[in-house]
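Enquirer: So the sequence lines, in the order shown, correspond to chains G and L.
All residue numbers for the first sequence refer to our numbering, where the first residue is 1153 and numbers rise by one.
All residue numbers for the second sequence refer to our numbering, where the first residue is 56 and numbers rise by one.
By construction, these hints were calculated from the structure, which means they are not laboratory data.
Quantities reported herein were computed from a predicted structural model and do not represent experimental measurements.
Cβ coordinates follow ideal geometry from the N, Cα and C atoms, glycine included.
Don't take each hint at face value.
Covered by chain G, according to a simulated footprint, are these stretches of chain L (three or more residues, beta-carbon under 8 Å) [as the list claims (entries may be wrong)]:
1) 63-76
2) 144-155
3) 163-174
Label pairs and their in silico Cβ distance ranges [what the hints assert, rightly or not]:
4) Ile-1181/G - Leu-132/L: 36 to 46 Å
5) Gln-1192/G - Asp-131/L: 54 to 64 Å
6) His-130/L - Pro-1281/G: 21 to 31 Å
7) Asp-1172/G - Arg-146/L: 27 to 37 Å
8) Glu-166/L - Asp-1263/G: 18 to 28 Å
9) Glu-1285/G - His-130/L: 19 to 29 Å
10) Gln-94/L - Asp-1218/G: 29 to 39 Å
11) His-130/L - Arg-1268/G: 36 to 46 Å
12) Gly-1262/G - Glu-101/L: 35 to 45 Å
13) Gly-156/L - Asn-1264/G: 15 to 25 Å
Chain by chain, the residues run as shown.
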Amino acid sequence: MNDARPGELDPVRLANLAIDALERTAMVIADIAEAEDADQLPPLDEAACVDYDGPCKGRVWIAASDGFGASVAASLLGVDPSEVPPDQAAAMIDELANILGGSVILDLGGDNCPFRLGLPRRCPATTCPTSDECTRIVLDAEGERLEVRWQPLAA
Amino acid sequence: MNCNVLVVDDSPVLRAAIRKVAKLAGVEEDQIFEAGNGQEALDVLETVWIDLVLLDLNMPVMDGEEFARRVRQNHDLADVAIVVVSTEANRERLDRMRELGTLEVLHKPFEPEDLRRIIGTVIGVAP
């Protein structure tokens, strides 16, 4: 369980869940990008989100720069990023949203987790919620931009 | 080694990654089969004997829980080994999967070595 208030995730905890998911899944190293470092990262290109429900509802978003999906898939499969087909690169974004969604509900719910996770879905990066509406963190994933957002939803 | 493994996951990139780990565990390339959801997995089981199913739970068309339930209801398939590889964290659902006789639950994100060990144990190869 996280140390934030029950049912909440602070930005550092959210970042740590994403960093752990990337490292365990594909041995991709990521770190929190401070504002001035984040400005140097490539722009967002694609995004996916996944909803959960249970005692409360929420949505986990990930948005990434153009090369992120191929880079992670390449690391996972042990090939060069140029060998990753575009559909597999996009599927990697979906799967990471799924994995991170699972990590979030496990963190929120603990061992007796009551939350249910939906299916990930692709969405335009421009539709991601603003910082006012969510907990947001920017990561530098080996030179690619990865933004993770956690958005509580009305029951 | 004579052991057929079925990888059931709606993510093509995860199926490819799990296939790679299965090969590292000693499963031959032509003994690894894939399905993108529970219905496709049932279709595979109608044509090929499968020893081990590596099963995601949250999938479109037919999810992993429904797939496992149908497998257990089929007398001919009741002994097929099932290992859950999923982001699923809901306690009640995981309890239901255990009641359906799944051998292990490997939670995503997982380290490839954890999956290799499980496959090796199930198919009888020392990890």
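Enquirer: When the hints from earlier in the document are held up against this structure, which numbers fail?
Expert: 6, 7, 9 and 11
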